[in-house]
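Protein chains in written order, with the numbering used here: chain F, 506 to 824; chain E, 652 to 1220.
Derived by calculation from the structure, the hints in this document are not laboratory data.
One or more of the hints may lead you astray.
[Said to hold, decoys possible] Capping the alpha-carbon separation at 25 Å, the derived lysine to any residue pairs in SDA-like fashion look like this:
(1) E/K1194 x F/E547
(2) E/K752 x F/E547
(3) E/K862 x E/P1047
[Stated by the list, open to error] A partial selection of chain E residues facing chain F, derived with a Cβ cut-off under 10 Å:
(4) E816
(5) R824
(6) D829
(7) N832
(8) A847
(9) I915
(10) T945
(11) E962
(12) T1081
(13) Q1121
(14) D1138
Using N, Cα and C, we set each Cβ at its ideal position, and we do this for glycine too.
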Amino acid sequence: MSAYFIRRLLLLAPMLLVISFFIYLAIELTPGDIVSYMISPELIADFSPEELAAMRQALGLDEPFLIRYLHWLGGVLQGDFGYSLASGVPISDIVLDRLPATLELSAVALFFSTLFGCVLGTFSALKRGSATDNALTVFGMLGVSIPEFIFGLAALVLFALELGWLPVGGRLMPGYETLGDRLPHLVLPGLVLSLTMTAGVMRYSRSSMLDAMNREFIKTARSKGLPEWRVNFLHGFRVALTPVIVLIGFRLPLLIGGTVIVEQVFQWPGVGEQFVVAVRAQNYPLIMMIAFLSVTAVLLASFLIDLLTALLDPRVQLD
Amino acid sequence: MKRPLLNRSGTNWRSPAILHRINLFPLVEKPMKAFQVLALASLLLLNVSTLWAASPNSNQLSDVRVRQAIAYAIDMDTIVETLFEGMAIAADSSIPNGSFKAPGLPRYTYDPDKARQLLKEANWDSSRVLDVVYYYGDQTTADLMAAIQAYLADVGIQMTFRKLEGDVGAQLRTLPSDPVNGPAAITWDLGYGAKAALALQEYYNNYETGKNANTPGSPELDRLVSAINSTADVEKQRQAFFAIERYEMENLFVLPLYYQQMFIYESKRLNRNGGLYGNAQYNYDWNIVDWTVTPDANGKQVLRTNTGPVEFFEHAWFNPGLYIYTKVLFDRLITADGSLAPSNPQMAKYYNLSDDGKTLTIQLMDGLTWHDGTPITAEEIKWNVEFASKVPVIHPIFKQTFSSLKGAQAFADGSASGISGITTSGNTLTFSFETLDPNVLLTFSQWAPLPRKHLGNADPLKFQQHSFWQNPVGSGPFRVKEVQMNDYLVMVPFENYHGGRAKLDEIVAYPSGDNDPNVVKNAAAQQLDYGFTKNVSDVQSLKAMDHMRVTPVDIPYTRVLWINKFPKQ
């Protein structure tokens, strides 16, 4: 098994290299650049082609695509992710500044959605056909089919504007010093993200649990006279957990950049919101950095899933 | 509904009977004869120029009758009343209503029959499908495009519309290699856009030969553009504007659609204490030093607003007043009234523009300092102008002023170490201009000097990327206390401000723009005390809030249809 993991780890590097090239190429093929973003169409007629060319040259945009990519890659290999073309701030500073906000939000959502999704899904499976199961099924269907921003807007109108219990958005306010200060700001985006993610986990764990509970080994456990809770949780749930873990594992990249929509709705200043700004501005060093982080997260999550699957299911032989 | 076809005098310049009609001009009274001869000569001159401008090339849009048909086909009054809910004004020239609006301009009031007739006369190819482009992402624009499509279809003009993406500037503005004969370097037929002018000349300066992507160069238009730029005398300027407006509306080299209003919204907590309302996109004497808001539970007067920084403070020389921070962190040498007419000194103790408009003398106030306590000197202002003249992304009005200075060219090409047209003596600056710039005072009422101490090492080509714009030091009534990029900006009164300490204790600016969906949400949550918008649907929502008030302001912001009159490739 260790040889397998070493091989997988070694494969990460060329995969990242190839993916980074294609992301860079995609940005290159997108029309426009940061200069065309910085000057509004209403004023661009007042700038001579020479002035625009000088600006592009100053920002290094006049070099051929491959040269720019190699410059960027060379910098990354030396730990230098470059500077934001818009502000001149080091990319690493921008991302490190935004990452805590996204991690905070997505970790809360991941934790609660996993907890409630597994508990409710298992409960639903064990109470199959009951009114509770039907209600949870309806909730699950709504959760997976209604877009996040609808939930977000509804929650804003109800809890922030009508009831006034929670703030309408943002993360920090002047004078905030502790997590407790900013907790009220986390509730709504965390709730909305958790709700939509819970629905998916719940549906998945319900079907997985139903599948496990129909297996022969469950009947064997029962025939041996084990208590029902032991049959359900130590035998059924453990096996049912494997596909659920795969699902949760694939949600780990959310920690980096999967909260774009919720961040937009709630003005949450995280990586996702920054990514949208960077794409609009064609701020390629920033786009590359965030995309690179997301891709790395996906690859690592995939790696982790393999590892966990092997640990949880003895039938899986990675070698 | 039926209106005279072409111009104010009612003469159809394009009719073959034109000369015959002029010959029948009633020359009955002898004393009137001289006047009539002059009138006849003027008419002939205008006629020739108009015919020249209307001479069609292979592109049918170069035919003035087609452009007029488009104007007649669109019912702007109905669009304003319905789509814009009355919160716009149908335009009858690029120049907004006011003292510079020429009297009696031809109005192309909705007349589909006239449009059809003109198209018939012009042998309009009804199989042609016009490609109409725009760059705004809002729903109102898409609705407007659909409305125009329907109106044009009604008279027999087909069109499709699309939003430009990517390098919008290049797609809209790439110039043809031959500025008179084309062919066009752009691909579209009609472009929907706007001009938010700081100076009225901006509406027309880009129509000079060689500067426009959609309008072939014309000696007559060049002469008219030159006339509006060649005098500082207000009355002469006004007459020059009247002439170019008439030419514009007779030839429709651009089709003005409507004047957009700005809406300033405020919470009822805010009291301006007599401060003026004006063009909030720029700087004017709004007397923010005297503004007050109802104190909060801690007794602090905190004004909450938007347009805080997202990733950086946008530098103050491009959009000089779009963001709250560029208004309150930086002072200008001169201040302006609500309509942006330069009115009083600000950092200056005194200023004087010579009668010929070519020498400006400014004496700085004594004891001025930047927010960090460093003194502001005349020599530093000189450095600022020299530095600004090398920064490419500055407002075109500033650029024109600085390039008009004596010695500006030598400084730009590196043959001189400074601009010879700027001299200092103690606290006094003298600006000498090589060529007259009609907007020199306007420039100095909007352009903000910056501290050399912090920007002395800046690369003009990477001015915006300088670390100064992460936490700028200014000279205005407020200074930066704390900034959390994309979260909030806190500004507090500058204790040593020459105009006295501001009464507000804090201004907190959140990162939301003037056309941001968060405006209504934040206002509803009582998180906004001040802001401005041009979005009419936001205005309706804001007006419906009991705790908000909305004040409309007329601003020079004209939405137009650009018409590509060059032959297409």
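Against the structure shown, which of the earlier numbered hints fail to hold, in ascending order? 1, 6, 7, 9, 10, 12
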